[in-house]
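Could you build the full structure based on these sequences and the hints that come with them?
Taken in sequence, the protein lines are chains A and B.
Position 183, counted from 1, in the first sequence is what my numbering calls 228; the numbers after and before it change by one each time, with no gaps.
Position 129, counted from 1, in the second sequence is what my numbering calls 888; the numbers after and before it change by one each time, with no gaps.
Hints are computed from structural coordinates only; laboratory data are not their basis.
Even for Gly, the Cβ is constructed at its ideal location relative to N, Cα and C.
It cannot be assumed that every hint is accurate.
Taking lysine-lysine and the BS3-like style, the derived pairs with C-alpha atoms no more than 25 Å apart in a straight line are [as the list claims (entries may be wrong)]:
1) K132(A) <-> K892(B)
2) K256(A) <-> K219(A)
3) K132(A) <-> K875(B)
4) K854(B) <-> K875(B)
5) K869(B) <-> K816(B)
6) K797(B) <-> K132(A)
7) K811(B) <-> K132(A)
8) K875(B) <-> K816(B)
9) K801(B) <-> K869(B)
10) K810(B) <-> K763(B)
11) K801(B) <-> K816(B)
12) K816(B) <-> K797(B)
13) K132(A) <-> K869(B)
14) K801(B) <-> K132(A)
Coverage of chain A stretches by chain B, computed from C-beta distances (three or more under 8 Å per stretch; other residues unrestricted) [claimed, not checked]:
15) 65-74
16) 101-115
17) 123-130
18) 188-200
19) 221-233
Here is what each chain is made of, one letter per residue.
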Amino acid sequence: MAFFHTLTGMYLTQSVLHAFLGLIVVEISFFAWGISDHLSRFRYRLLTLTLPIFMFPLYQLLSPERSSWHFRVSRALFDSHQWLDLKAFSLFPFAGALIVILTGFSLLFLLQEVWPLFQRHKGRSSGQEYEETHLYDERMHTLLGSICRPLTINMPSYRVIVEELPTLFTQGFKSHTIVISDHLVRTLDDDQLLAALTHEVVHMIRGSSLKTPVIYLLRMLMFYNPVSLVEFRRIVHDEEFICDAITISMTKNPTALIEALKAFYYDPDEEHGNPMQMKDRVEIHSHNLILDERIGRLQGAASTGESGFRWLPFMLTACFIMTTGYLVV
Amino acid sequence: MQPKRTFHIRQLFIFCAVALLIVAVLGLLNWLPSLMQKQRLKHFSSIDTIKKELRIKTVYLPTFLPEELDLAWPPTEMYAQDNPFPAVMMHFTRKGTSEIRLIIHQVDSKAAYEFKPRIRIRERHAASLMTLKNRQAHLTPAVCDNDLPCNQLSWNEGGTTITLIGIFPARDLIRIAASMLPGD
Numbered sequence: 046m047a048f049f050h051t052l053t054g055m056y057l058t059q060s061v062l063h064a065f066l067g068l069i070v071v072e073i074s075f076f077a078w079g080i081s082d083h084l085s086r087f088r089y090r091l092l093t094l095t096l097p098i099f100m101f102p103l104y105q106l107l108s109p110e111r112s113s114w115h116f117r118v119s120r121a122l123f124d125s126h127q128w129l130d131l132k133a134f135s136l137f138p139f140a141g142a143l144i145v146i147l148t149g150f151s152l153l154f155l156l157q158e159v160w161p162l163f164q165r166h167k168g169r170s171s172g173q174e175y176e177e178t179h180l181y182d183e184r185m186h187t188l189l190g191s192i193c194r195p196l197t198i199n200m201p202s203y204r205v206i207v208e209e210l211p212t213l214f215t216q217g218f219k220s221h222t223i224v225i226s227d228h229l230v231r232t233l234d235d236d237q238l239l240a241a242l243t244h245e246v247v248h249m250i251r252g253s254s255l256k257t258p259v260i261y262l263l264r265m266l267m268f269y270n271p272v273s274l275v276e277f278r279r280i281v282h283d284e285e286f287i288c289d290a291i292t293i294s295m296t297k298n299p300t301a302l303i304e305a306l307k308a309f310y311y312d313p314d315e316e317h318g319n320p321m322q323m324k325d326r327v328e329i330h331s332h333n334l335i336l337d338e339r340i341g342r343l344q345g346a347a348s349t350g351e352s353g354f355r356w357l358p359f360m361l362t363a364c365f366i367m368t369t370g371y372l373v374v
Numbered sequence: 760m761q762p763k764r765t766f767h768i769r770q771l772f773i774f775c776a777v778a779l780l781i782v783a784v785l786g787l788l789n790w791l792p793s794l795m796q797k798q799r800l801k802h803f804s805s806i807d808t809i810k811k812e813l814r815i816k817t818v819y820l821p822t823f824l825p826e827e828l829d830l831a832w833p834p835t836e837m838y839a840q841d842n843p844f845p846a847v848m849m850h851f852t853r854k855g856t857s858e859i860r861l862i863i864h865q866v867d868s869k870a871a872y873e874f875k876p877r878i879r880i881r882e883r884h885a886a887s888l889m890t891l892k893n894r895q896a897h898l899t900p901a902v903c904d905n906d907l908p909c910n911q912l913s914w915n916e917g918g919t920t921i922t923l924i925g926i927f928p929a930r931d932l933i934r935i936a937a938s939m940l941p942g943d
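Take a look at the structure:
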């Protein structure tokens, strides 16, 4: 198909190919270098998310010859056009299949990520704000103070909202606000609430509220890319694992954090209102699975490999992705 | 200290081995389409092989190359395909060098995309219509890479577009093109 011979078509194809290559190389690096700590994994996965965005334009800038047919035939290690020009049973072009896949993932992105954002924004603008309660101010103030004082950081503001679901997140980029549901404040004991709030403070210190939107922006740029979809979620999960590990090192009480996390389990059968749709059930199931994994880690599933970030293996991995990617057209 | 170093060397070895494996798999994936569909774009070592392996009836070749141009014969590089459309690309270098001075492309006129010539035209001047052995041809004076003056000549030959780009005067290019066609 002629589209895949244009620069736009080449960018689309190669960004997906480079992301796949990055994914495979990064996963293999975890195995080869014995990487099991989430901080290192987080950094490696960022390679898979970021490099494919810039690789094609960078290569084009350095060597415009790379997009020529001559480079593909004489120097490329893998030429995607060879596959895209093929036709299954002499009828269905493989290029058509790629278009279908990319369109499918773009639609998935729209429905799964853009539409809920739009709905949330609509909800906010129509005044569907949460009611706030000040019943737990003293407890919250004491706990947050005990977390922030030893760290010599400013205590973040907080909002306790009237909500029957377990909700806890941090808002704001520069000055942070911890938003928590009164349901959680009521359910968790002091140790558990301390662990949950420490986790949020760690997010604050690590700048997660700034980092996550930037990573999300990168993911949005690759909205059609199936690898970016998967890697974005894994990166966000890694961030949670990192914050869990730091929280435990601060509170020295893994049990409290485990119990706090258990409060976040959703039971699909307990949903109020309308019967739940399949999509919601799947989302709840995946949410619970992530909690299972986090709890499993905290329950002493010690890392099997080396911990600590090493620059040399990281640079070798990045260099290998970049050099091989140059020959994947 | 020693066991840690050995451990890291072992890790490096595993990484290199797996990296080689990835390269091999990519090579294999690149080779598979040629098994599934023959006559795809590839390098050929001679004109005879092109004629033998592909269904291209006529490969338009110059029977005359001006001596003063010092062009090597046979063409230094030959690429051809039948699928997804017939195409033959030939590159002629100056004798004893790797500088491409003449390229000849013959591509199906209904081709879905074009093969960008290896001699890159940077600036085109106004094209003129001329007659080449009773055929209408377009001659375009141009400036190619490294600010070298060059010329492009192209015409349609029974459903095939033939394009010549030469880094030499138009007169020589016309003589070469004329030698590719039958008749006076």
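Tested hints:
Only pairs whose Cα atoms come within 25 Å are accepted, and K132(A) paired with K892(B) is rejected, the gap being roughly 40 Å. With a CA separation close to 12 Å, the supplied pair K256(A) and K219(A) stays within the 25 Å bound. A threshold of 25 Å between alpha carbons decides the hint, and for K132(A) with K875(B) the separation of about 24 Å falls inside it, so the pair holds. For the hint linking K854(B) to K875(B), the alpha-carbon distance of about 24 Å falls within 25 Å, and the restraint holds.
Note on K869(B) and K816(B): the hinted pairing holds, with a Cα-Cα distance of about 17 Å set against a maximum of 25 Å. As the CA atoms of K797(B) and K132(A) are separated by approximately 12 Å, the hinted pair is consistent with the 25 Å bound. At roughly 24 Å between alpha-carbon atoms, K811(B) and K132(A) fall within 25 Å of each other, so this suggested pair holds. A C-alpha spacing of about 23 Å is found between K875(B) and K816(B), which places the hinted pair at or below 25 Å, so the restraint holds.
As the CA atoms of K801(B) and K869(B) are separated by approximately 20 Å, the hinted pair is consistent with the 25 Å bound. Between the alpha carbons of K810(B) and K763(B) the distance comes to roughly 61 Å, so the proposed pair goes past 25 Å and is violated. The hinted pair formed by K801(B) and K816(B) meets the criterion: a straight-line CA distance of about 18 Å does not exceed 25 Å. Using a Cα cut-off of 25 Å, the hinted pair K816(B) and K797(B) holds, with the two alpha carbons roughly 17 Å apart.
With a CA separation close to 18 Å, the supplied pair K132(A) and K869(B) stays within the 25 Å bound. Pair hint K801(B) plus K132(A) holds up; C-alpha atoms about 18 Å apart against a cutoff of 25 Å. A count of 5 residues in the stretch 65-74 of chain A with a Cβ less than 8 Å from any Cβ of chain B is obtained; the coverage claim is therefore met, three being the minimum. Interface restraint, the stretch 101-115 of chain A with chain B: holds (3 residues with C-beta to C-beta distance below 8 Å; minimum three).
With 5 residues carrying a beta carbon less than 8 Å from a beta carbon of chain B, the stretch 123-130 of chain A meets the three-residue requirement, and the given coverage holds. Using a Cβ-Cβ cut-off of 8 Å, 0 residues of the stretch 188-200 of chain A lie near chain B, which falls short of the minimum of three, so the contact claim is violated. Interface restraint, the stretch 221-233 of chain A with chain B: violated (0 residues with C-beta to C-beta distance below 8 Å; minimum three).
Figure legend: structure checked against the earlier numbered hints; hints not met, in rising order: 1, 10, 18 and 19.
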